Amino acid sequence: DPIQGGYMVAFAGLDFAAISFPQFVFNQTKIVTNFTLVLEFDKGRLIDLFWKSYGCKECREGKSALSCYNEEACAMNIKDCKSQGGKIDCIVGIQLTFSGTDKHYSVLNSWYEVDKMDHYSLFGLS
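In our numbering, the protein residues as written are 54 to 179.
I should point out that these hints are in silico values taken from the structure, not numbers from a laboratory. Among the hints, a few may not be true.
[Said to hold, decoys possible] EDC-like mimics (lysine to aspartate or glutamate), calculated; alpha carbons at most 20 Å apart, straight line: (1) K105 to D133; (2) K105 to E166; (3) K96 to D142; (4) K110 to E125; (5) K132 to D142; (6) K156 to D95; (7) K105 to E124; (8) K105 to D95.
[Said to hold, decoys possible] Pairwise CB distance ranges (calculated): (9) G58 to L149: 41 to 49 Å; (10) F64 to K156: 29 to 37 Å; (11) K105 to D68: 25 to 33 Å; (12) G59 to S163: 26 to 34 Å; (13) Y158 to R113: 38 to 46 Å.
Values in this document were obtained by computation on a predicted structure and should not be read as measured data. All residues carry an ideal CB built from backbone N, CA and C; glycine is no exception.
Use the sequences and the hints to build the structure in full.
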C-alpha cells in the first residue's frame with residue numbers, strides 16, 4: 054500500500070539476476086532522498102547489488118533539518134516537501150558506484166570516493 058510507505062529494489066540481468074534488498078524510501082511522515090547503490094563486479098561480471106548505508110551520523114550532529122529514520126538513514130519530514138506545501142524539493146537521488154574488479158582484473162572502487170563526497174552533498178536547492 055503506497056500510502057503506508059514505499060520501498061525500492063534494484064535488479065539487473067536476464068539469465069542471472071542480481072537483486073538488492075528492499076530499501077526504505079518514504080512513509081506518511083518521513084522521506085529519504087539520498088541513496089547510493091553499489092554494483093559489485095567480479096572479473097567484469099555483475100555479482101551483487103546493494104544499498105550503501107551511511108547511518109544517522111550526519112543528522113544526529115544537528116547540522117540539518119534531517120532526522121534519523123530507523124537507525125539506518127537521515128530522512129526529511131514529508132510535510133517539508135514542495136509536493137506537500139513545503140519549501141524543499143524532495144527528489145530522490147541515486148548515486149551509482151562500483152566495487153570489485155573489471156574483466157582485466159583492475160580494481161573498481163568508486164564507492165569510496167562517493168563516501169567522501171557524501172559529506173558535501175546539498176539538497177533542496179532551487
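For each hint, the structure was consulted:
1. The straight-line distance between the Cα atoms of K105 and D133 is roughly 25 Å, outside the 20 Å bound, and the hint therefore fails.
2. For the proposed pair K105 and E166, the alpha carbon gap of about 13 Å is at most 20 Å, so the pair holds.
3. Of the supplied pair hints, the one linking K96 and D142 is violated, its CA atoms being roughly 39 Å apart against a limit of 20 Å.
4. Straight-line distance between C-alpha atoms of K110 and E125 comes to about 10 Å, which keeps the hinted pair within the 20 Å bound.
5. Of the pairs offered as hints, the one joining K132 and D142 holds, with about 11 Å between alpha carbons and a cut-off of 20 Å not exceeded.
6. Among the hinted pairs, K156 with D95 is consistent with the structure: their alpha-carbon atoms are about 8 Å apart, no more than 20 Å.
7. With a C-alpha separation of about 14 Å, the suggested pair K105 and E124 falls inside the 20 Å cut-off, and the hint holds.
8. Annotation: proposed proximity of K105 to D95 holds, straight-line Cα distance about 18 Å (limit 20 Å).
9. One distance hint, 41 to 49 Å for the beta-carbon pair G58 and L149, is violated here, with the actual separation near 24 Å.
10. Checked against the hint of 29 to 37 Å, the pair F64 and K156 fails, with Cβ atoms roughly 22 Å apart.
11. Checking the proposed 25 to 33 Å range against K105 and D68 shows it holds: the Cβ atoms sit about 27 Å from each other.
12. Range check, G59 to S163: about 27 Å between beta-carbon atoms, so the 26 to 34 Å window is met.
13. Evaluation of the 38 to 46 Å hint for Y158 and R113 yields a pass: the beta carbon distance comes to about 40 Å.
Hints 1, 3, 9 and 10 from the list above are not met by this structure, while the remaining hints are.
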